[in-house]
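For reference, the chains in residue letters:
Number of protein chains: 2
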Amino acid sequence: MIEMKNITNKNNSVCIVETQSFTFAGPGNELELECGDTLGPITLAYETYGTLNADKSNAILALHALSGDAHAAGVHRDQDDPGWWDDMIGPGKAFDTNRYFVICSNVIGGCKGSTGPSSINPATGKPYALEFPFITVADMVHAQRKLIDFFGIDRLLCVAGGSMGGMQVLQWVASYPERVRSAIPVATALKHSPQQIAFNEVVRQSIMADPAWREGNYYEYGQPEKGLSVARMIGHITFMSDQSMEEKFSRRLRSGRFSFNFDPDFEVEGYLHYRGANFVKRFDANSYLYITKAIDYFDLSDSKLIPAGRNIDTRFLVISFKSDWLYPSCQSQEIVRALKMNCVDATYCELQSTYGHDAFLVEVEEQTTLIRHFLDKTFNGYLVVDGYGV
Amino acid sequence: MIEMKNITNKNNSVCIVETQSFTFAGPGNELELECGDTLGPITLAYETYGTLNADKSNAILALHALSGDAHAAGVHRDQDDPGWWDDMIGPGKAFDTNRYFVICSNVIGGCKGSTGPSSINPATGKPYALEFPFITVADMVHAQRKLIDFFGIDRLLCVAGGSMGGMQVLQWVASYPERVRSAIPVATALKHSPQQIAFNEVVRQSIMADPAWREGNYYEYGQPEKGLSVARMIGHITFMSDQSMEEKFSRRLRSGRFSFNFDPDFEVEGYLHYRGANFVKRFDANSYLYITKAIDYFDLSDSKLIPAGRNIDTRFLVISFKSDWLYPSCQSQEIVRALKMNCVDATYCELQSTYGHDAFLVEVEEQTTLIRHFLDKTFNGYLVVDGYGV
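Line by line, the protein sequences give chains A and B. Going by our numbering, the residue at position 86 of the first sequence is 86; the numbering climbs one at a time, nothing skipped. Going by our numbering, the residue at position 364 of the second sequence is 754; the numbering climbs one at a time, nothing skipped.
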């Protein structure tokens, strides 16, 4: 049932991978969403790396951020782009595929193979567009649970992810604590602050202000390119730190002198334009709207992460980055506080980095040390407890 | 020649004021701009508060920020809105109009009475739109100098302003140090960092992405409302601090529950929408483009503030605010460093405030104490030095 796609190579990559699809449909397999609607059939795009062991005790679920997808590691046959966490997932890497079986699935609401607003609505034969129901982070997790059931995995060794991926990590523990042996929320929060909501709202308004958005019904005409591009430019400012922008661009001019017109003069402007233009080619505008809203709605504060009186034995490694001003360390510290106040085994580490929020994707070395050790202890602890020895 | 408009009232306001106009034109009165173009005739809108003394030694020039105007204090006869620094300018206030004569003029490139892209181009009889030449902060200051000449003021007691107003303060000292007895740059910088440029570029792109912008030629059709509104929403996020947003809005919902649609759910979203919609009514989109570009081009770092070997006796009071992340304190500290390394008399104060960049407009009490004392010393020092006694 489960195809193993990984072929290791000299560069410690999982090498050529292929995205798979899992569809659940029919009675009892539709998803009751938090908004009250029902969604189905639902397809999840996913990839796996490494080999699931006989007792299915070595499975790790990697959870992607806002614009991520199922392609977390390796490369596809027709493309050179490595997966979004390729530096972290592979033989000998933080999530060591010689030892663990790593699953990554695209969230519902997304546009990379999982059911989302750009998918065909079976009721109309046309893309859902704004007929797509509102989804939440909990809905994303409930759909993933079906995939984990499909693999026959009772208990995940670990759920891990950064940014919105970290929110899904927290939601997994809130919804299914008995199915999660350990959790690694990175650069994330129990809930969005008003400033974070404000940035997301401006992003949405930028998309919806573009007449090419056509109230969401643009699929036969093409993306609302200008609005989506500006939206992504805003995002990229928040992903980087002031310092990393200074190191990367400073005030360098693209042509050596001021243009005295409204073309981009500075390299940093050119970078944002490049990022904006690229994003339009790869990400659906409506998915951006739905997913940012899911993020803004997310809220596991005030005992919603661990309801009073519930004992959970999930172990936590919480990671934040000093220069991350989009998901500042104080928000990770709130997670740790919520855990510790409920006697949950939690380790917290704020890593020094100048990369801002992007750090969870690029700060490999220290994250690898922390995560490898943490997984090792979790996995060995499991073996010892269950009488297998190490 | 100079009309005094102030009538004091019980509330320590300068009361009813009227915006004046000053136009310079004709040979020798056009402005050679930094971009190489010539601009003229030029009109400056200005207001004055208080009385210019006989030897014209009590004049203070207040300099406005990006979207400010000449209306710094009091109210207009037909409107209730007090000027943008009304809390700071008036009888007994920081800039005490019982003692000093305060002038505020709208910058060139603006849209509140001074010559800018929405003004009629005398060559065509139509609004300049993008035919308006590129202006810089230095050009703004050169134009203001003509106004100060018109008043017959040899030496300003003080130039003061926050944000872009602070840049004009620095430019006054760089361009005309002999005409500035003291300077108060507030919440500003010697130059924009790449992050600050990035925010401005996204603001510009948001405006220019709106088809209603029509390459700048929208004057007969109306403003590019959607793009300009999104642009201003971005601005307002950067003007506030995370903490002040938390205090003002937290995650409060406008209707008590999630809408599960793309209307604003949270109060913070409603606030941004309100600010964006209001801005469209009061500010010209092209002016926003020109002025943000002028700010990005501004650069008085690397001895450009005070060229090596130049002795200046301008006294400085540099003020920043702890929660201001748009113009963080480290940028004010760079100003102080540049001054001190050139043996300039400079006092620096970082004020505790949770208001972010908005603090320079709303943190009245401490600024008043600092500024009143600083002006007092400057003015009295002048009197003593020049043999008038106190």
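Calculated from the structure, these hints are not laboratory results. It cannot be assumed that every hint is accurate.
[Stated by the list, open to error] Derived SDA-like pairs (lysine to any residue); straight-line CA-CA distance at most 20 Å:
| id | chain 1 | residue 1 | chain 2 | residue 2 |
| --- | --- | --- | --- | --- |
| 1 | A | K191 | A | A212 |
| 2 | A | K322 | B | K712 |
| 3 | B | K638 | A | S301 |
| 4 | B | K638 | B | V752 |
| 5 | A | K304 | B | S640 |
| 6 | A | K146 | A | L33 |
| 7 | A | K191 | B | D632 |
| 8 | A | K191 | A | H76 |
| 9 | B | K694 | A | L253 |
| 10 | A | K146 | A | L253 |
| 11 | A | K191 | B | Q633 |
| 12 | B | K581 | A | F260 |
| 13 | B | K694 | B | S565 |
| 14 | A | K281 | A | H76 |
| 15 | B | K694 | A | H76 |
| 16 | B | K581 | A | D154 |
Structure-based check of each hint:
With a C-alpha separation of about 32 Å, the suggested pairing of K191(A) with A212(A) is violated against the 20 Å cut-off. Using a Cα cut-off of 20 Å, the hinted pair K322(A) and K712(B) holds, with the two alpha carbons roughly 18 Å apart. The suggested pairing of K638(B) with S301(A) holds, with an alpha-carbon distance near 19 Å, which does not exceed 20 Å. Only pairs whose Cα atoms come within 20 Å are accepted, and K638(B) paired with V752(B) is accepted, the gap being roughly 14 Å.
A C-alpha spacing of about 18 Å is found between K304(A) and S640(B), which places the hinted pair at or below 20 Å, so the restraint holds. Pair hint K146(A) plus L33(A) holds up; C-alpha atoms about 14 Å apart against a cutoff of 20 Å. Restraint check for K191(A) and D632(B): satisfied, since their Cα atoms lie roughly 14 Å apart, inside the 20 Å limit. Proposed proximity of K191(A) and H76(A) is contradicted: the alpha carbons are some 34 Å apart, above 20 Å.
Restraint check for K694(B) and L253(A): satisfied, since their Cα atoms lie roughly 18 Å apart, inside the 20 Å limit. Restraint check for K146(A) and L253(A): not satisfied, since their Cα atoms lie roughly 51 Å apart, outside the 20 Å limit. Between K191(A) and Q633(B), the direct Cα distance comes to roughly 15 Å. Compliance with the 20 Å bound is thereby established for this hinted pair. Our distance criterion of 20 Å between C-alpha atoms is met by K581(B) and F260(A), whose separation comes to about 17 Å.
This hinted pair checks out: K694(B) and S565(B) have alpha carbons roughly 10 Å apart, not beyond 20 Å. Of the supplied pair hints, the one linking K281(A) and H76(A) holds, its CA atoms being roughly 18 Å apart against a limit of 20 Å. The straight-line distance between the Cα atoms of K694(B) and H76(A) is roughly 53 Å, outside the 20 Å bound, and the hint therefore fails. Using a Cα cut-off of 20 Å, the hinted pair K581(B) and D154(A) is violated, with the two alpha carbons roughly 57 Å apart.
In summary, the structure is inconsistent with hints 1, 8, 10, 15, 16 from the numbered list given earlier, while agreeing with the others.
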